[in-house]
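**Student:** Take a look at the letters that make up each chain.
Number of protein chains: 2
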Amino acid sequence: MNNKEKLRNAGLRPTKQRMIIANILLNGVNRHFTAENLQNEINSSGNSMSIATIYNCLKKFRNCGLIKQVESSKETAIFDTNINQHHHFLDEETGELIDIENEEINLFKLPEIPKGYMNSGVEVLIKLKRQI
Amino acid sequence: MNNKEKLRNAGLRPTKQRMIIANILLNGVNRHFTAENLQNEINSSGNSMSIATIYNCLKKFRNCGLIKQVESSKETAIFDTNINQHHHFLDEETGELIDIENEEINLFKLPEIPKGYMNSGVEVLIKLKRQI
DNA sequence: TTTTTACTTTAAAATCGTTCTAAACTACTT
DNA sequence: AAGTAGTTTAGAACGATTTTAAAGTAAAAA
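Top to bottom, those sequences are chains A and B. So the first sequence is numbered by the numbering used here: it starts at 2 and just counts up by one. So the second sequence is numbered by the numbering used here: it starts at 2 and just counts up by one.
Careful: at least some of the hints might be erroneous.
Because identical chains cannot be distinguished in the list, a pair is counted as satisfied if it fits within a single copy or across any two copies.
Derived lysine-lysine pairs resembling BS3-like cross-links, with alpha carbons at most 25 Å apart [to be verified]:
1. K17 with K75
2. K5 with K130
3. K128 with K110
4. K17 with K60
5. K110 with K60
6. K110 with K5
7. K75 with K116
8. K17 with K110
9. K75 with K7
10. K5 with K116
11. K5 with K61
12. K116 with K60
13. K128 with K75
14. K116 with K17
15. K128 with K5
16. K130 with K60
17. K7 with K110
18. K75 with K5
19. K75 with K60
20. K17 with K130
21. K61 with K116
22. K7 with K116
23. K75 with K130
By construction, these hints were calculated from the structure, which means they are not laboratory data.
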């Protein structure tokens, strides 16, 4: 399926701007990035786009499940093109995230889900310190 | 050990402001809170404190291990007086966090820690959706 | 005790990421 | 071709957090 179809399937109009972003993000190589990272990449590809549009697109893409947003207490929002359930290492010093594939972690015992709720995803974060 | 001693042990001068905050936070009842939450509580206890001081104190307390900061992609920093390793449910709609004690979760298989790093803590986040 | 020193607090300004606004634009439908 | 609903934009606004620089305070030295 090409990117135009992906956008249409997600219920999004394939505008020029969304196609530029889709072509950067949805090429099969997984990565973590911020809105600003993406703007730099758009600029250096000879295009340009308002930061408002970039945030707008990223939110739409996330709400449609085309990308994910990582749970992390960094001041800047971090997005992830890997939409499979998976986990992360976090280098606490630099803030860098490294993917951990789902099969690498096995949760053996889970607590009871509170009444009235359902489990909508489990994220494991393994914080890393540099070895002394 | 009283709060003044706790501050001294942590290498922090027990100033009037730090004592006010320590008396609110370090009383053994675990809770999640933002800087603004804490300021409201200080105000309603008849004291007052600059928001800069509050942020300052919370960062120092966190760096000394007196409190923790929760990993969460909320726009506002959330702190936690529970400094034991533990986990959280996250109500994705409201942003509310609920503690999960460490024994409630059993990680059966963990990935290999990258070379040059050591594991400095594992956090599990179980995201919750309201049941339909 | 007084003096000195380093650390702390403060209000206000600055900064930074993100969202809002409202006008111009564009994809799609008729 | 015309209509309409959704989209993009620059710039303003916003909210959380940090910085600034001056005044205050705790602890150490004299």
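**Student:** Take the hints in turn and mark each one as holding or not.
**Tutor:** Now for the hints, and whether the structure bears them out:
1. K17 with K75: For K17 and K75, the Cα distance exceeds 25 Å both inside one copy (31 Å) and across copies (30 Å).
2. K5 with K130: neither (42 Å within a copy, 30 Å between copies)
3. K128 with K110: both (21 Å within a copy, 16 Å between copies)
4. K17 with K60: within (17 Å within a copy, 44 Å between copies)
5. K110 with K60: neither (33 Å within a copy, 33 Å between copies)
6. K110 with K5: neither (42 Å within a copy, 40 Å between copies)
7. K75 with K116: Classified as between: cross-chain Cα gap 24 Å, same-chain 31 Å, threshold 25 Å.
8. K17 with K110: neither (47 Å within a copy, 45 Å between copies)
9. K75 with K7: So K75 and K7 fail the 25 Å test inside a copy (30 Å) and across (28 Å) alike.
10. K5 with K116: neither (41 Å within a copy, 41 Å between copies)
11. K5 with K61: Within one copy only: 15 Å inside a chain, 50 Å across chains, cut-off 25 Å.
12. K116 with K60: Neither, since 29 Å and 35 Å both go past 25 Å.
13. K128 with K75: both (13 Å within a copy, 19 Å between copies)
14. K116 with K17: neither (45 Å within a copy, 43 Å between copies)
15. K128 with K5: neither (38 Å within a copy, 31 Å between copies)
16. K130 with K60: The answer is between: 19 Å across copies meets 25 Å, while 32 Å in one copy does not.
17. K7 with K110: neither (37 Å within a copy, 35 Å between copies)
18. K75 with K5: neither (32 Å within a copy, 31 Å between copies)
19. K75 with K60: both (18 Å within a copy, 14 Å between copies)
20. K17 with K130: neither (43 Å within a copy, 34 Å between copies)
21. K61 with K116: This pair counts as neither: shortest intra-copy Cα distance 30 Å, inter-copy 37 Å.
22. K7 with K116: neither (36 Å within a copy, 38 Å between copies)
23. K75 with K130: both (16 Å within a copy, 24 Å between copies)
In terms of the numbered hints stated before, the structure departs from hints 1, 2, 5, 6, 8, 9, 10, 12, 14, 15, 17, 18, 20, 21 and 22, listed from lowest to highest.
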